[in-house]
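K.L.:
Go ahead and model the full structure; you've got the sequences and the hints to work with.
For the sequence shown, our numbering assigns the number 1 to the initial residue and increments by one for each residue that follows.
Keep in mind that the hints were calculated from the coordinates and are not lab data.
Every value quoted in this text rests on a predicted model; they were computed, and no experiment measured them.
C-beta atoms are modelled at their ideal positions from N, C-alpha and C, and glycine is treated no differently.
A portion of the hints provided could be inaccurate.
[What the hints assert, rightly or not] Between beta-carbon pairs, the in silico distance windows are:
(1) Lys15 <-> Thr41: 24 to 30 Å
(2) Thr161 <-> Ser206: 17 to 23 Å
(3) Arg110 <-> Leu216: 22 to 28 Å
(4) Leu216 <-> Arg170: 16 to 22 Å
(5) Ala136 <-> Ile9: 32 to 38 Å
(6) Asp171 <-> Arg43: 49 to 55 Å
[As the list claims (entries may be wrong)] Pairs of lysine to any residue residues, derived as SDA-like cross-links and limited to a Cα-Cα distance of at most 20 Å, are as follows:
(7) Lys108 <-> Arg159
(8) Lys106 <-> Asp59
(9) Lys89 <-> Arg159
(10) Lys42 <-> Pro68
(11) Lys188 <-> Gln137
(12) Lys1 <-> Asp59
(13) Lys89 <-> Arg139
(14) Lys89 <-> Cys78
(15) Lys89 <-> Asp32
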Amino acid sequence: KLCEGILNILEKDTKTSCQVACLEALRILSRDKKVLVPVTTKRNMQILMKLAKLDTVEDPLERVSEFPVIVEALKCLCNIIFNSSVAQKLSLELNLAAMLCNLLQKCKDRQLVDDIKCFDLRLLFLLSLLHTDIRAQLRQELQGVQVLTQALESALSVRWTEEYKAAEDRDRPPLSLQETDCAIEALKALFNVTLDSWNVHSENESHQFRYMAAILRHCLLTMGPTEEKTEELH
1 KLCEGILNIL EKDTKTSCQV ACLEALRILS RDKKVLVPVT TKRNMQILMK LAKLDTVEDP
61 LERVSEFPVI VEALKCLCNI IFNSSVAQKL SLELNLAAML CNLLQKCKDR QLVDDIKCFD
121 LRLLFLLSLL HTDIRAQLRQ ELQGVQVLTQ ALESALSVRW TEEYKAAEDR DRPPLSLQET
181 DCAIEALKAL FNVTLDSWNV HSENESHQFR YMAAILRHCL LTMGPTEEKT EELH
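P.N.:
Take a look at the structure:
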């Protein structure tokens, strides 16, 4: 009942601070699988997707004041999908993976969106881990390899000297914690999406995998903010 009450409030047009507080409470509650059973419905998933700006294809990310709401809604979806097989099935019905790829594209070349990108990528990782149909959808329909590789390239701030050769800068500073976390989530999702890709059929796929290999080499030469984070990145 508490979760239902929170979701009823979130469905209304409430203040940003109230939305964030409600989502933080829901995120904590959503760690309990028993609590999730009555609230994992199509309607409730759609409420969270709307708050995460996953229901609009065209609208750009312009209002920075909404960014904390987007991040908390994505965190809630991560917990719910991880803990609920019903939510995993609904995510395919609601075309969640396509919406997440679209949100990633909206984040491109924008400031202050690292947290949004990180939890978007984490949700793509979870979906591709837990649902084989979504893994196939990402690979075949949504250009997932390209989208995720571009996200990794952006997190690592790769500069190119040749088509498949990244610039090496031994003196560049380590990645920030946010950049490292984004890169790690992109790598995890890429692993899932390319897991069954041992047989490359097309010229475009060949290009994508050579491009990805160059970025992965650059990744191995990149340092994180701490020794532990560098080890996790590598």
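K.L.:
Now tell me, hint by hint, if it's right for this structure.
P.N.:
Hints, verified against the model:
1. Lys15 <-> Thr41: 24 to 30 Å: With a Cβ separation near 25 Å, Lys15 and Thr41 satisfy 24 to 30 Å, so the hint holds.
2. Thr161 <-> Ser206: 17 to 23 Å: At 21 Å between Cβs, range holds.
3. Arg110 <-> Leu216: 22 to 28 Å: 25 Å Cβ-Cβ, so the 22 to 28 Å window holds.
4. Leu216 <-> Arg170: 16 to 22 Å: 18 Å, holds
5. Ala136 <-> Ile9: 32 to 38 Å: Holds, at about 37 Å.
6. Asp171 <-> Arg43: 49 to 55 Å: 53 Å, holds
7. Lys108 <-> Arg159: 16 Å, holds
8. Lys106 <-> Asp59: Distance of about 9 Å is within 20 Å: holds.
9. Lys89 <-> Arg159: 39 Å, violated
10. Lys42 <-> Pro68: The hint is violated at about 23 Å.
11. Lys188 <-> Gln137: 17 Å, holds
12. Lys1 <-> Asp59: 33 Å, violated
13. Lys89 <-> Arg139: 18 Å, holds
14. Lys89 <-> Cys78: At roughly 14 Å apart (the allowed maximum being 20 Å), Cys78 and Lys89 satisfy the hint.
15. Lys89 <-> Asp32: Holds, at about 19 Å.
Violated hints, in rising order: 9, 10, 12; the structure is consistent with all others.
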